Amino acid sequence: MANPGRCGMVSGMASQTHTRAGFGGRAAGWLLALLAFFLFASLASCIKPVAEAGPLRFSLSWAPSLGVDFALAIDGLSLVFGMMITGIGGLIFIYSIAYMGGHPRLGLFLAELLLFMLSMLGLALADNLILLFIFWELTSVSSYLLIGFENEKPEARAAALQALLVTGAGGLALLAGFLLMGAGGGTMTISALNGSSFAHGGHGLYLPTLILICLGAFTKSAQFPFYFWLPNAMAAPTPVSAYLHSATMVKAGIYLLARLSPALGGTPEWRFLLVGAGTLTLLAGAYMAVIKTDLKQILAYSTVGALGVFTMALGIGGETAAQAAIVYIIAHAFYKGTLFMVAGIIHHETGIREAERLGGLWRAMPATAAAALLALLSKAGLPPFLTFLGKETLLKATLDSPWPWILTGGVVIVSISFVVAGAAVGLMPFYGPGKDYPKTPGRVPATFWMGPLILAAAGLAAGLGNGWMDRWIVSPAVSAVVGKQVQIHSALWHGLTPELGLSALAVLLGFGVYFIWSRRFRSAITWWNPHPPEWVYHAGLRALDAVAIRINRTLQSGYLRYYIIISVATALLVIAAPLAGVAPGEFHLERWLDGHAHEMALAVLMLLAAVMAATAPARMTAIVALGVVGYGMALFFMFFSAPDLAMTQFGIETLSVILMVLVVLRLPPQKKYSSPPSRLRDAGLAIAAGGVVTATLLLATHFPQGSALGDFFADNSYISAHGRNVVNVILVDFRAFDTFGEITVVSVAAIGVYSMIRQPARKKKADNR
Amino acid sequence: MNDPSARKEEDIMKASDGAAAAAHAPVAGKARATSLVLSTAATYLLPLLLFLSVYALARGHNLPGGGFIGGIIAASAFSLFAITHDAEAAHRALRLHPRLYIVIGLFLAGGAGLAPMVAGKPFLTALWADAPFLFIQEPNTPLIFDTGVYLVVIGGVMTIFISLMED
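Order-wise, the sequence lines are chains A and B. Residues in the first sequence are numbered from 1 upward in steps of one, following the working numbering. Residues in the second sequence are numbered from 1001 upward in steps of one, following the working numbering.
Derived by calculation from the structure, the hints in this document are not laboratory data. As the structure is a computational prediction, the values presented were derived from the model and not from experiment. The reader is advised that the hints may include incorrect statements.
[To be verified] Residues on chain B that point at chain A, a partial pick, calculated with CB under 7 angstroms:
1. Val1054
2. Ala1058
3. Ser1079
4. Leu1127
5. Ala1129
6. Ala1131
7. Val1149
Cβ coordinates follow ideal geometry from the N, Cα and C atoms, glycine included.
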């Protein structure tokens, strides 16, 4: 009982598990937080060099022939994301100790969080498209694991799978887009692509590349119409929602668009796609955030709205819009991370997540209430918070854009929604009359409220220190987005501008709606529930299942004979297709009598044995006959002076005959189960297969002898590999990697046979007991 | 098949529990079909064949032979021994569980591949030492690799063989 105060407030579940394992988990949490802060500090130490001397680069050759390098680059944009990932990551680790404390799988949880943090950091630092893609997929996988962490809940499993399928499908599109981009731009290095003229040269691959990359970014960053997975992902434990699904991972798509905007941005297609998707997303998010009452759902949808804002800003393009996007992304991480953590604390302490069933909690959790208030003011976009600057710049960008009315209107609507949604999380639970709760909220431990409070305070500090932020953080990041060096100067006070008026209007309307007729407002607009995107997902999933079942029933019949028929027939078609065009003369059938008499005799013997194997009434006879064929083959190797092959063939043949005998001993006596037509079919297929192999061999033997490859091995075997036995030198040196693969296959096959044979036996034993 | 009188004296069937004995019963039945001459011969053939297999492995780089052939010779020797005696005896002759042969073999082959990477060369680059080690004139990583192949082949074949016999 290391922390009695904590026990008092966390109910049964946590207090009964204050074991040593729990202590280990807590220690691991602190350790990981330290790691995260160390990474944060390392990145922070790069701020000055990057701002003054440009990006830092590191590159390790990986697969140069494919253009894949382990290339990292730290520029302003990666610094913003990297510091968000590590800084918030550290706070989340500390928060998780309190939130998940005593959970039996806390260690696993922390490990998955760590996997995510490092993958996401890799994503933000990668300077090679393929490397970025690998980290991208790793974040999808860790997100899947974390959403489904409470895997005893079916809805968590379904949400995890949905997120994985949606982002995974987008990932495939992204990979295709990256490959097209690499092919079009001539390199896989992102910084080189950004310097190239891929976009503006009107390259033929530009449009497909853009669409595919946007598909990847839009699915990951929950853009319309793919946003449905994000609210469902709220089935994850709250630290995950705060970290992955608001502050970092869902911004991966935004990051990618920002990262590639020098190469892809600025075209009408780019503007159409991004501004269109972004505007629809922000409207959908703004609407849904207001009609939801579950704290996490409110925050999820307002995250969707914010993601729409970022996409729209990047779509507009230009220095002002890029500045708005960067500032807003940073500010959003501060306040949304805080609000999620606050929602987690409220739920953890009271057992309730419905905003309207909460109230009066500020007495029980003053620090949490303070963090929530700061975050709410930030979310509302009041000065001096960073969000205020972001919103001012954003409104300036939309007013200057080609569609000022629609976009500015969208921003004002989403800002109103942010205020209403923020107040539902940041105000409603804390003030007003207290309510009855399933759990009595006790004292909240410092580890719990520390994260959100630090994060909220950082949001305030960043707004107050906006001169410093502009110089060291925002300017380098915006430079990376627009692709040229820029210097940003922002001020909290611009004079009485239209932006200020619109901003104030949004805040007033937002608080007005919240305080005066929040409930009536909600019921007045809750007549439309836009579910079509998710309906398409479910229908698609059902169709996929149906198709998969049909294919499976055909290909995976469960009968060995059909597997063999399908495999042989497929191989036959593939090999026979090129043979179709060969003239009969090229097979040189007239040379069939060229062999010596003893070779002929052996060939006849093998033929007879083969016929016998196929027609034998008893299995044992067939096996022996097959053995004769195999030994005959070994003799042929001897005749043609290949002692290694002959020895191997003798050994293998002997062993396989014995093994087959062992198998046959276990089988019931042979009967003729198959009907004459099916035997005829099998015979036809077998003869066709033999014929095709014969034809291929006949053709192959007439290619010029002594190919360059054979000469190379013969010439170099002793000189460079110190061996006179070319066969062995090829096996263990020249082509050792193949051999390594082969012995791995042997191992897997042996273990497969072992488990196949032992499985029923073990079951039988278990039944007998 | 289960007739206890069919067991020979030298067939040591002291299994620790009933289930294991049941698993061995068919083997005892098969032992009846084995001639005394063959089973005695197999006892003496085993070391000879194993020696031959190591010989094939060792000379493989310059003359017909190598890890794969050597492994097959050794596996044949153990198989012969297993047929003429029983699975338990084959286990004892192998000393280690056949699956361990696979593991050790894969590690040897993989290690021979990784070793040059320590020296800054690509995976599986052959390294040759000039100084003799024990009775090997020129120790080299291909030989270690080939030994890995040898062990995997023995382990693979014997894993399948013994599990087929035991059940």
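Evaluated hints:
1. Val1054: violated, 15 angstroms
2. Ala1058: Violated, about 11 angstroms.
3. Ser1079: With a closest approach of 6 angstroms, the Ser1079 of chain B hint holds.
4. Leu1127: violated, 11 angstroms
5. Ala1129: Since the shortest Cβ distance to chain A is 11 angstroms, the answer is violated.
6. Ala1131: Cβ of Ala1131 of chain B sits 15 angstroms from chain A, so the hint is violated.
7. Val1149: holds, 5 angstroms
Going through the hint list in order, the structure does not satisfy hints 1, 2, 4, 5 and 6.
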